[in-house]
Amino acid sequence: MLRFIARRVLETIPVLFIIATVTFFMMRLAPGGPFDTDKQVSKEVRAHMEAHYGLDKPLFEQYLLQMKHLLQGDLGPSFKYPSRTVNEIIADAFPVSLELGVESLAVALVLGLLAGMIASFRQNSAWDHIPMALAMIGLCVPTFVMGPLLISAFALHLDWFDAAGWFLPRDRVLPALTLGAFYAAYVARLARGGLLEILNQDFIRTARAKGAGGARILLKHALRGGLLPVVSFLGPAAAGLLTGSFVVETIFGIPGLGRYFVTAAFNRDYFMVMGAVLFYAVFVIVFNLLADIALVWMNPRLRFE
Amino acid sequence: MSRSTGLRKVTVAMLGLSALATFLPCGCGKRETLVDIGDRTQEYRVGNSDEPSDLDPQTAIGEIEHYIMVSLFEGLVIGDPKDVSPKPGVAERWDISADGKTYTFHLRNNARWSNGEPVTARDFVESYHRMLTPSLGAQYSYMLYPVTNAETFNTGKITNFDEVGFKALNDLTLEVKLHSAAPYLLSMMIHDSWFPVPVSTIKKYGAIDDRSNPWTRPEHFVGNGPFTLKEWRMHSHILVERSSNYWDAANVRLNKIYFDPEESFDTQERMFRSGELHTVRQAPPSKVAFYLKYKPDLINDYPQATTEFYKFNVTRPPLNDKRVREALAMSIDRRAITETVSRAGELPAFCLTPPDMAGYTARAHVREDIPEARRLLAEAGYPDGKNFPRVELLYNTLQNHKAVAEALQQMWKINLNIDIILHNEEWKVYLDTMRRVDYAMARSAWGADYMDPSTFLDVFTTDSGNNETGWSNAEYDRLCAVAANTGDKAARYAAFQKAEAILMDEMPILPIFFYTRPRLLRPSVKGWYPNLLDQPNFKSIYLDPKAE
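Taken in sequence, the protein lines are chains R and H.
Per numbering that gives the first Met the number 0: the first sequence = residues 0 to 304.
Per numbering that gives the first Met the number 0: the second sequence = residues 0 to 547.
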């Protein structure tokens, strides 16, 4: 197991290197630059701005320089927000996304697992059809529809919440529901599928024959194997949830990290793009690793590989 | 277990869950909204529709930043809240020499920075020194170019700032010398680029010419405006508080202003409806018509000094032929565009400069005349649109631009029987294409930086970086230069009239409409006035709970 983890960790180094390289050159290949605005600046001014950020150097030299800074953990200044560094921006925004992500993940797991378990245990009954129909709707309704709908109902009509903002504990409820609902739907369907497969196996029949009760069969015998698909889904999903969602942050006015993934690219904020991409990449890698470890732990058959 | 009890249990479980999630907050009746509280405590809550890039008036450009910085800084002159005409700011009065080339500003003796230090003439000289320092790379440094040697210093041709026309005669007297009379100087001075900056504070936190200097953080910030920076959390909020050191603090009625940076118009509009914001810069385009019709007391849709037009690349056939450009400009129905497509109260535009720009209204107009357009097109060699080559219309990706472009495409098809191909590019790609003048026809817009026709007409001079059409006309350039160097208002405006007539005759651009700003505003906001530049005046605003 330790060797497996060590190998996976070592593998991340070339992966991150390739991601950084591709990101660097893709950003530079994109037409337009950080200092293009609808009001043209003089050549002199442009030259001074480029010199300030080292953009006047040959491209390959810039690449080496940025790689060197990245190795030192320095993500550089933001072009769009000149008095901030990318490190500061991420340090400022990430805790917000993390909090929202954890809350959404909790919503997704509680609702999704409950629905999935109930549905699989009472297959083809109303217990199955209704939660699964809801899950289908949850999957089909995008967050940019769900969010405004929830705001319309609970903030504008019932007046239980503010329409947007991130100040009070109650400001967390609607965004967490919006973001969590989509993942809950996924989790529900995956859990149902996984559990059904297990529940039809011989050892479950044996357990039933021995007189084990429904709850005991579900929780003790079926759950561990049945949740394997959910766990492998949760790896990348958690990485995505915890690093923020552009749509949900925009709808609810949340100062999280998700919006930077999109706006940094639009602004050609080269260093910010690099910082956001690498940060996300690390998360995806770490959570995939965690998911794999969990899978190995949950599925004895994998341990031999 | 019967099926129906099962169902009931599911329902109960679901209800329980949703109740758990939703009853956490108090569900008791109508709560007091943030706007209600703000009305009581004079805390004005503004939806500002984007995160400011910075709050350094010399490097931060754009309306979003401007709107906040007006509360934090004060220039020598400030804009009148109603018509943006120059009024005394830090300077309580000024003298202009007979030749119009020397301005002497007399500063108030009670003007203070937010740290309590006096605002002196030397502060202004040092600020302008920083603004013109080439290595700062200030985008708006050209706003200071009417001043003697400002341009030569800014472009590095001279290095001694003493040769530039700014001089502190004593603590309270500032002399500004111009290379030629520029009667619009005072209007220009309302702009952020003329604000003083706290040079000694800036030096404390880094190099004077370092764009990344963190002096604008709330913990370091020093300004000289009616308010001072208290909190700044990116993408969350900016909070400014009344400055007790401001010379006119007794007449400032707001205690705090809260700026919300959410960039989604829809989100801001929902915050407005739920009582989180007193005002929103811009109603979502899809909702303007609704507010104008059903909630007219909550919206103020005022004309702006911003023109929407299409640029022609006059170096490429067939648009190098003036007759083709005229035919395109004459064969569209601008009123139909503003009334049925853009629908935010815009005014159809038949010239470049918006009406009543500091008393100037262009007489030159493009006509809408379809038979004449057809005749011109035939004369250019395309009778009934036959053999008309492939022409692409470029616009930056945005729903409204697309809708307008599609409507025009249709009008040209019907009226001239020609096919224009639409092509959209993401904003920065579009800017790059425009800079290289690598297009045939392209959507564009221009907003005034200050109240004078030159802010529009100078765009299309040969040397202007914003021209981007390949169009060049010696007489036009000459007229703009005459207007720039003449002190006499009547003579200047006559030159502008002639220049605009050339522009509308040669047609390197096709004017479409003048923008309006559909601002949402609670009835409790008093002392707020709309103006052509959307220039805020936080000094005159107060909140009246009784008006709600």
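Everything labelled a hint here was simulated from the structure, so no lab data went into it.
Possibly wrong hints are sitting among the right ones.
[What the hints assert, rightly or not] Covered stretches of chain R, as calculated for chain H (at least 3 residues, CB under 8 angstroms):
no.: 1; region: 32-40
no.: 2; region: 71-83
no.: 3; region: 153-165
Beta carbons: idealized from backbone N, C-alpha and C, even for Gly.
Quick rundown of the hints versus the structure:
1. 32-40: Per the Cβ count (7), the hint holds.
2. 71-83: This one holds; 6 residues, not fewer than the three required, reach chain H with a Cβ under 8 angstroms.
3. 153-165: holds (count 12)
Hint compliance for this structure: no hint is broken.
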